[in-house]
Structures are given as structure tokens and as C-alpha cells.
Amino acid sequence: MSIKRFPAYLRDMQEELEGYARAFGLDFFPIVYEVLDYKTMNEVAAYGGFPTRYPHWRFGMDYEQLSKSYEWGLSKIYEMVINTNPAYAYLLEGNSLTDQKIVMAHVCAHVDFFKNNYFFSKTNRKMIDGMANHASRVRRAMARHGQEAVEDFVDTCLSIENLIDPMSAYIVRHRDKKRDDDDEDDQSDKSGRLRAKGYMESFINPPEYLAAQKKKREEEEKRAKRRFPESPQRDVLRFLIEYAPLEHWQRDVLEIVRDEAYYFAPQAMTKILNEGWASYWHSKILTEKALTAAEVIDYADANSGVLATSPGRLNPYKLGVELLRNVEERWNKGQFGKEWDECDSMEQKRNWDRRTGLGMRRLFEVRKLYNDITFIDEFFTLEFCIEQKFYQFGFSERSGNWEIMSREFKKVKDQLLRMLTNRGQPVIVVDDGNFENRSELLLRHVHEGTDLDGAQARDTLRNVAKLWTRPVNLLTKFEGKGKLLRCEDGNLSERSAEYG
Amino acid sequence: MSQKIDLDHGRFRQIIRGKIKQNLRKYISQGEMIAKKGKDTVAIPLPQVEIPHFKHGDKQQGGVGQGDGEVGDSLGQDGQQQPGAGQAGDRPGDHLLDVEVSLQELAEIMGEELELPRIQPKGTEKIVAWKDKYSGIRSTGPESLRHFRRTYRQAMRRQIAMGTYDPKNPVIIPIRDDKRYRSWRSEPIPQSNAVIVYMMDVSGSMGDEQKEIVRIESFWIDTWLRSQYHGIESRYIIHDAMAKEVDRDTFFRTRESGGTMISSAYKLCAKLISEEYPADLWNIYPFHFSDGDNWSVDDTHTCVELLKKEILPYVNLFCYGQVESPYGSGQFIKDLTEHFDEDERVVTSEIKGKDAIMDSIKEFLGKGR
Chain A
1 MSIKRFPAYL
11 RDMQEELEGY
21 ARAFGLDFFP
31 IVYEVLDYKT
41 MNEVAAYGGF
51 PTRYPHWRFG
61 MDYEQLSKSY
71 EWGLSKIYEM
81 VINTNPAYAY
91 LLEGNSLTDQ
101 KIVMAHVCAH
111 VDFFKNNYFF
121 SKTNRKMIDG
131 MANHASRVRR
141 AMARHGQEAV
151 EDFVDTCLSI
161 ENLIDPMSAY
171 IVRHRDKKRD
181 DDDEDDQSDK
191 SGRLRAKGYM
201 ESFINPPEYL
211 AAQKKKREEE
221 EKRAKRRFPE
231 SPQRDVLRFL
241 IEYAPLEHWQ
251 RDVLEIVRDE
261 AYYFAPQAMT
271 KILNEGWASY
281 WHSKILTEKA
291 LTAAEVIDYA
301 DANSGVLATS
311 PGRLNPYKLG
321 VELLRNVEER
331 WNKGQFGKEW
341 DECDSMEQKR
351 NWDRRTGLGM
361 RRLFEVRKLY
371 NDITFIDEFF
381 TLEFCIEQKF
391 YQFGFSERSG
401 NWEIMSREFK
411 KVKDQLLRML
421 TNRGQPVIVV
431 DDGNFENRSE
441 LLLRHVHEGT
451 DLDGAQARDT
461 LRNVAKLWTR
471 PVNLLTKFEG
481 KGKLLRCEDG
491 NLSERSAEYG
Chain B
1 MSQKIDLDHG
11 RFRQIIRGKI
21 KQNLRKYISQ
31 GEMIAKKGKD
41 TVAIPLPQVE
51 IPHFKHGDKQ
61 QGGVGQGDGE
71 VGDSLGQDGQ
81 QQPGAGQAGD
91 RPGDHLLDVE
101 VSLQELAEIM
111 GEELELPRIQ
121 PKGTEKIVAW
131 KDKYSGIRST
141 GPESLRHFRR
151 TYRQAMRRQI
161 AMGTYDPKNP
171 VIIPIRDDKR
181 YRSWRSEPIP
191 QSNAVIVYMM
201 DVSGSMGDEQ
211 KEIVRIESFW
221 IDTWLRSQYH
231 GIESRYIIHD
241 AMAKEVDRDT
251 FFRTRESGGT
261 MISSAYKLCA
271 KLISEEYPAD
281 LWNIYPFHFS
291 DGDNWSVDDT
301 HTCVELLKKE
311 ILPYVNLFCY
321 GQVESPYGSG
331 QFIKDLTEHF
341 DEDERVVTSE
351 IKGKDAIMDS
361 IKEFLGKGR
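So the protein sequences, as listed, match chains A and B.
According to this note's numbering, the first sequence is numbered sequentially starting from 1.
According to this note's numbering, the second sequence is numbered sequentially starting from 1.
A couple of the hints might just be wrong.
Taking lysine-lysine pairs in the BS3-like style, the calculated list, with each CA pair at most 27 Å apart, reads [as the list claims (entries may be wrong)]: (1) Lys334(B) <-> Lys411(A); (2) Lys68(A) <-> Lys21(B); (3) Lys334(B) <-> Lys308(B); (4) Lys26(B) <-> Lys211(B); (5) Lys126(A) <-> Lys368(A); (6) Lys19(B) <-> Lys466(A); (7) Lys466(A) <-> Lys21(B); (8) Lys126(A) <-> Lys334(B).
By construction, these hints were calculated from the structure, which means they are not laboratory data.
Excised from the complex, chain A in its bound form (with noise of 0.2 Å):
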């Protein structure tokens, strides 16, 4: 990798953004430049950020199509950030100063947004170690035990790893049993038997009674064991490291690819509002500090790209500040709470004016809180929905194009809602790691709605047949028909099923 050297012109930019970034407020780690030029930019680009990451293909595949469409004059990638303390970010060399300056603005809030944002509070800050170990872990297996049988081995961990439970993090799925309740419950339920002194135990603990608590035990214990999992669990890389039959060096490398896949999750989980905080911010503070007179059009011109829309696609930046705008705007003329919600009268709204100047207070609020779901939810109202001209299109099987289907707001709303739902991803538990007592493994498709994807179900369920070694099932919908699709020893097949 050749990195430049950060020169001193961009050190004085980088203290005096910073300088406006803190006081307004904007809260980050230390910030390392590095200034790349386009290769080296898509090489750290194809790693996610992470120059020391684990060798894949996958990586390489993702260079040859970011090196193209750079090439080609249809993307490039002005800047890049990863969460880390201290936080890195990448510059592309040759940018324009006033370039340079709008992504250093945009950088600065992306680690506030970092080091605040609830949903990253759970992440590894020193993750750039983290890759690294993991790269001379991968490698270390690739010694022992030949690059194609490792490589291979990887595939079929990415191919599932987005079966992962994002919320686990935050919040308590399993507690594990209190060991001093199991001891208890050890002693005193193994017989059923209750505590007695030694003249009242023909009362309190009559032979009748024994055998019935026996029993009863013995009938829980049963029940117990027939569900496994006890309750259908979202993280199936868990469930496989835990249970599968691997070897060390595969069980070691499903973990790097779970951990991995926690690290980036809170990233897709915040996009839109990750996105739309940094393009708020960079707006903010060119217009209102940074910039001169002669950087303005070049500004102008930059800054409408990010925002630019197209048809058929959702720009996260565009959606994330508009709404952050929209939040900034109503909480500073008291545009909410019970009067507001109830207040019928359009023209009453759109005069509604309190003078609260809660909004920047309320910006930081959301940006230390909310995830893109929790976001849009609360935020995404019918008037901003009109305003900023949402529709929800669809796949017209009647003329066979991509069409505007609605603009009503619920739509709009819910069509939005459902896209962030699970980061965009199907939502698959593991029902159950007996099934039919065969020791097969039963996945869930739990069906919101939308229909997998029929042939890269089958591919990937291949995978997981792979890992789990015993046949592999997976109950979804198709069509409202319930279907459960199998995989013993590589071959697929498929029956109609019972989906309750």
C-alpha cells in the first residue's frame, strides 16, 4: 500500500473543520487522515475499510468492479470512514480542496455519529486489530490446511452470514440460569422432595406425593429436550458454531465471520440516518463557516451529487438530511406533542409556530438514540412525504416494467418500513436442531410478506447442509403455499408443508 503523506495544507484544513465541528456541538475521537490515491482508495474500498483484512476472492472481485466503474467515469469513492478509535478516514487524492474540505465536514459527524449513536456502542473501536488477527488466523488455517479447503470453508460461512440477530446486542435473549437456583432446584427437586424436620416428613412429603412430583420432572425434562432450541433463535452462525460438528480451524473461522458480520451490522442498521447526520453536518458547516466566496459553485455542484435522486432508487443521504431538516424545523416551532398530533387543520399546521428552538437539542437527540427504523417511524410524516414527493413503486406484471405504484402516504411508509426491516434481510431462525428426531436441522423462513429468493435459497441451503453435515430444511412460503425445501447430501428437494 503506498500512502502519502498527509501534507500540511490538509492538516490546517483538518484543524480548522474540526474547530467548527466542536463548537457546534459535534462530539468525535481523533481523526487519522490518510490521503490514497484511487488504487490504493478501491483496494481499502474492496476490504470495507480494513487494509489488513483475512485474504478472499471476494475482495478481489469487488476491486475489479470498483476499479472499472472508476475507470469508466461512474462512481468513485471520495472518502471513507471506519469506526474506530482513533477513527481512520481515507481521502482521495487529486479531490479539489474544496472537495477535500466537504468530506473532512462529513467525516467529523460520521464519528460523532460513531462514537454517540447507541446502535455502535456496542462495537469493537479497535476493529483494525481485530481484522488483522483475523487475517493471520484465516491465514494460519490457509497453512495448515491448504488455501482451496479454507477458501471454500469461507464461501460457505459468507453465504450465511447474514443470519445474524443485529438486536442481540442490545438487549438480553437468553439469560443464562442462575448457578446457585440450579443448585438449589438440584437438591430439592430431584426427589420433588420438600424441606422437613425429621418427625413431619410422612406429612409433608408423602410417598404419593414423590412419585407424583417424580413424574411431573421427569415429564418437563422431556418436553425440554424435544425443543432444541428451546425458543426459535435468530442467530444461526451461533446456533451452527455452538452445535454443528466443525473442526476447530472451521469453527474458528465461522466465528471471525459472525464477528465480523456484528461489527458492520449497526452500519446498514443506520444508513439513512448515519448518512443524512454527516451530509447535514457538512452542509452546515461549508455554508455557514468554511467556505469562501470562490468555493461556493464548486460546493453547489459537489454537494447536489450526494443529494442527487433517480428514479427507482432511495438516496439515503437525500432522505437521512431532509428528514433531519424536517425534525430540526418542527421541534424548533413546536411542531409536536399532543396538540399537534391532534390538530386536524392543514393551514393551522403549516403556520404552526411555538418559537420552542428545540431543534438542535432534538437532532442530537435522534442522532444518539435512533436507528433508520426507529427513525423513519417516528419522523416520517404525511407532510414530509408530500413535500418531498415519496412514492412507492413495484413490479407491474402487466406491462413488465418497474412502475410508480402509490403515493399514499401508508404505503410509502409502510413499504419503507419494511425495507429496513432486518437491515433488508429475510428473517430465518433456527426451529429446531432435531427435527423429526433425526438430528436434521429445521430452519424457518418467518415470512413477512415477501417471498425468498427461490434459487439463492437453494444455493445457499446447500451451505448450511454443508456445515450442519446431517440434512438441512428450510419451511417458507411461496406463492401462500407453504413449502419445506430439503438438502441431504447435496441434493435438494421440495414439498408442500404445513406453515403455521
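Based on the hints, put chain B in the right spot on chain A.
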């Protein structure tokens, strides 16, 4: 310095090569791929490179967009591909991965898969071109070729030797004698030339399907030979009862009708060779494609004579490909084998359909001549 990504990228290309190799037969018999040809790369759609995931099907999903437009307006205007499946905006829609492969690489893959031998060109010792190459350093030359580092080093060496070098003030001033210049040498580039003469029967019995087969096969032959020679030339001859030379485009497009006199094409071919391609300088590959239906026995006889006297002595290989056609008698290939069974300069191959193209190529080029 080699970048880390180069390793991963190399690995990716290797995997692609493997995939292409597996499916080569399929790709080769698909004509449409040739249509996608850019300058010297082809785009091959590969469905299986990407890692499968559980994900939502496309069509039910839809998405949210922003902007003007009425309900019912299509979003696919200005030739855009389908919109990204609404994945919060920044992910590209799902489509097959188009992998670009250079023709050179493709030829190599084909060579490996078909186990084609490297061709031993004749006429290698003939020097055709000189190329200038920087090869060393000398002390005179034009300023534009001054070698900064060597000059600097020389000056520094001199100053140290003279004791005028001061480490505290390391100023190096080169004088005339210190200057070093790049020097070059003209090297002979051994070059071998090759010409492919394609001949095709375009008489009424050759239908579109037959021509398609010829088109695909000659494309691949062309690709392979191009990977073996620099500066390859191609000439195209079509014939029914008369032969004429045409450009590549016409060669594949024309549909004439009429009888078939194969000798007319061979005559023209012999004329081309004798007038333009002296055999001691050129590697000559005539390919003839026909449905094997000749006008008369006499004409076939003339063909054999022409081959024996005016074509075979000069060429590396003469290839005859007979495309199966519902109208042709398919006699010609039998006549050729009868006369030239012993002669290893003549290769005949029957092409039964698109799937047989690969085997036919192997028959033609498998000899390494």
C-alpha cells in the same frame, strides 16, 4: 510494490478462469457472446461467482423512490436497468456478474481445455522488425535522456573522492564528466506472419444455422491463431459457382443462392497465396467450410488437383469443415479423405451442430502445425 489486493484479485481471476473453463463448451456454442465483443475483450455473464444468500425475491419487493411522476409511470426510462431492489438505496440491483476477459486469455483457456498444442511457426528466423530498447548507460547523449540518479551518484562519488563533499551541507554539483545518459540498442524482433484464408460455401443449401456455425467456429479459430501469432491477417472468400473475396462482414452475412463450384474458391485462394503471401515468409491457414455438396465429380477432381499442386505445398495446414445440412449430399468430405488420407497437411472435420464446434476446433488445431 505488489499490493495485497493483487493476491485476492489474482485469486478471483483464477476462479473465473476455472468457471469459464467448466462452461467453455456452452460459451463457445453461444453465438451471442461474440456479438458482445468489445475491442479485444468479451464480457461473459457468470451467474455462479457470487456467494448465495437467503434474500428476498425481487419482484414482490418493490421500493421507495423520490421525485416527480404519476402513478403508473414506468421507471425504466432512458434505458436504465431495473432499479436496485430497494435496498435502502446504495446497493446495485441484482444481475449476473459480467466478467471481462481478454480474447488472449480466452484463447489460453480454450487452449488448455482443448489441450491444443502451441503452434511451431515457420519462418521465425526471418527478421522482420527492429525495435529500439534502452539497454544501458553511457557518458554522452542528448539531455533529454539524462539519467538523473546515475548522474547524481557519479557526481557524489567524484565529490567524495575529491574530498569536496560535506555531509553537513550535502550539495552535489555535477560537472560535464559526471553526466550519464541512457543508451539504446536496436534489437531484431523475430516475427512470424500468418494469414488465414476463410472460404465459405454460400450456395442455396447453406442455411442460416449452417452459417452461424461457421461464424462461431471461425471466430474461435481466429481467436486461437491470433494468440499464437502477432500481426495475423484474415482474408475472406465466399463462393457459390463463382468465388469472390469479401470483407469480414459480408462473409458472415451474405446469403447467395445457386450452384456450388468449390474449385472456384480454391482457385482464388491459390491466386491469393501466390500473389501476396510468399510461403517462406508466411504461415498460411486456409479454412474451407461447406455443406459438402459440389456441382460435379469433375469439379471435385479439379479441386483435388488444385490442392495438390497449388495450395498444399505452401500452407501449414488445410482445414475443411463440413457443416451438416439437410440439403447437401455431404460427398465432398469423402472425396477429400479418399485423396488425402495420408497427407497430414489436410484436416477434415464434420460439424454436426453447435455442440460439435469444440471438437471440430480440436481436430483442426490439435496438430500444432
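Results of checking the hints against the structure:
| no. | hint | in the structure |
| --- | --- | --- |
| 1 | Lys334(B) <-> Lys411(A) | violated (72 Å) |
| 2 | Lys68(A) <-> Lys21(B) | holds (23 Å) |
| 3 | Lys334(B) <-> Lys308(B) | holds (16 Å) |
| 4 | Lys26(B) <-> Lys211(B) | holds (18 Å) |
| 5 | Lys126(A) <-> Lys368(A) | holds (21 Å) |
| 6 | Lys19(B) <-> Lys466(A) | holds (21 Å) |
| 7 | Lys466(A) <-> Lys21(B) | holds (25 Å) |
| 8 | Lys126(A) <-> Lys334(B) | violated (76 Å) |
The structure is inconsistent with the numbered hints 1, 8, although it conforms to all the rest.
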